[in-house]
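Participant: Sequence:
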Amino acid sequence: MAPVATTEATVLDLASSSTRAVNERLTSPEAPKVVTVTGPQGAHALACGLDSDIDVTIEGHVGYYCAGMNQQATVTVTGNAGVGVAENMMSGTVHIKGDASQSAGATAHGGLLVIDGNAAARCGISMKGVDIVVGGNIGHMSAFMGQAGRLVVLGDAGEALGDSLYEARIYVRGTVASLGADCIKKEMREEHLTELRDLLDQAGFDADPSEFTRYGSARKLYNFHVDNASAY
Numbered sequence: 000m001a002p003v004a005t006t007e008a009t010v011l012d013l014a015s016s017s018t019r020a021v022n023e024r025l026t027s028p029e030a031p032k033v034v035t036v037t038g039p040q041g042a043h044a045l046a047c048g049l050d051s052d053i054d055v056t057i058e059g060h061v062g063y064y065c066a067g068m069n070q071q072a073t074v075t076v077t078g079n080a081g082v083g084v085a086e087n088m089m090s091g092t093v094h095i096k097g098d099a100s101q102s103a104g105a106t107a108h109g110g111l112l113v114i115d116g117n118a119a120a121r122c123g124i125s126m127k128g129v130d131i132v133v134g135g136n137i138g139h140m141s142a143f144m145g146q147a148g149r150l151v152v153l154g155d156a157g158e159a160l161g162d163s164l165y166e167a168r169i170y171v172r173g174t175v176a177s178l179g180a181d182c183i184k185k186e187m188r189e190e191h192l193t194e195l196r197d198l199l200d201q202a203g204f205d206a207d208p209s210e211f212t213r214y215g216s217a218r219k220l221y222n223f224h225v226d227n228a229s230a231y
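In terms of numbering that gives the first Met the number 0, the sequence shown opens at residue 0 and continues consecutively.
In case anyone wonders, no lab produced these hints; they're calculated from the structure.
Mixed in with the good hints, there may be bad ones.
Computed cross-link-like contacts, SDA-like style, restricted to lysine to any residue with a CA-CA straight-line distance of at most 20 Å [said to hold, decoys possible]:
#1 Lys184 with Arg172
#2 Lys32 with Asp12
#3 Lys184 with Asp207
Computed from a predicted structure; not experimentally measured.
My request is simple: use the sequences and hints to build the entire structure.
Facilitator: Here is the structure:
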């Protein structure tokens, strides 16, 4: 059998280059297919706006809004990520091997966001179709106004989970501090077990789907009614 061809990664070092220059290289028509970014030292807005099939590994911690507006690209961060990682992502995969700060995957329309560690408050806020899988815990107000997509949490969830939820699905293996307005526990049918098993496989987690609880919208706040005024 002939050996499988491998593509050597192009190395971009932020110790000797600016974030702007690195982002311009990653988004240029001549961008290499495989890139390793070294020395990020918490740089903000790194690897944003990628719109091609490129594989980017960032070795270290990143700051705000890493991999925002991602399309098609695979972005892996070997450290922690600041506020708004993968914000408004459209497609592709973003993998944080450490922890993520607030608003991870905010407003994201598609793709897969994997966080190996914990995610802080408002994880998946206003999510619009993205799949988010968190290996640890998530903070308060996560999936607030979640419109579509799936949020999977292998650990515990903070207060007001799924507040004002629309049609996003939430799966939590651990405990939930409290549910937000219009978010309720729902039946875990076979279709949901199959869906969850597929998401866990995609994210690289070995967990039993039967250990999770599903949460979703009670659909009582879709339209304003004076009887529900106190719940808004």
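Participant: Work down the list of hints and note, for each, if the structure agrees.
Facilitator: Here is how each hint holds up against the structure:
Distance restraint check for Lys184 and Arg172: the Cα-Cα separation of roughly 13 Å lies within the 20 Å cut-off, and the hinted pair is therefore satisfied. Note on Lys32 and Asp12: the hinted pairing holds, with a Cα-Cα distance of about 17 Å set against a maximum of 20 Å. For the given pair, Lys184 sits about 19 Å from Asp207 by alpha-carbon distance, which is consistent with the 20 Å threshold.
Consistency note: the structure conflicts with none of the earlier hints.
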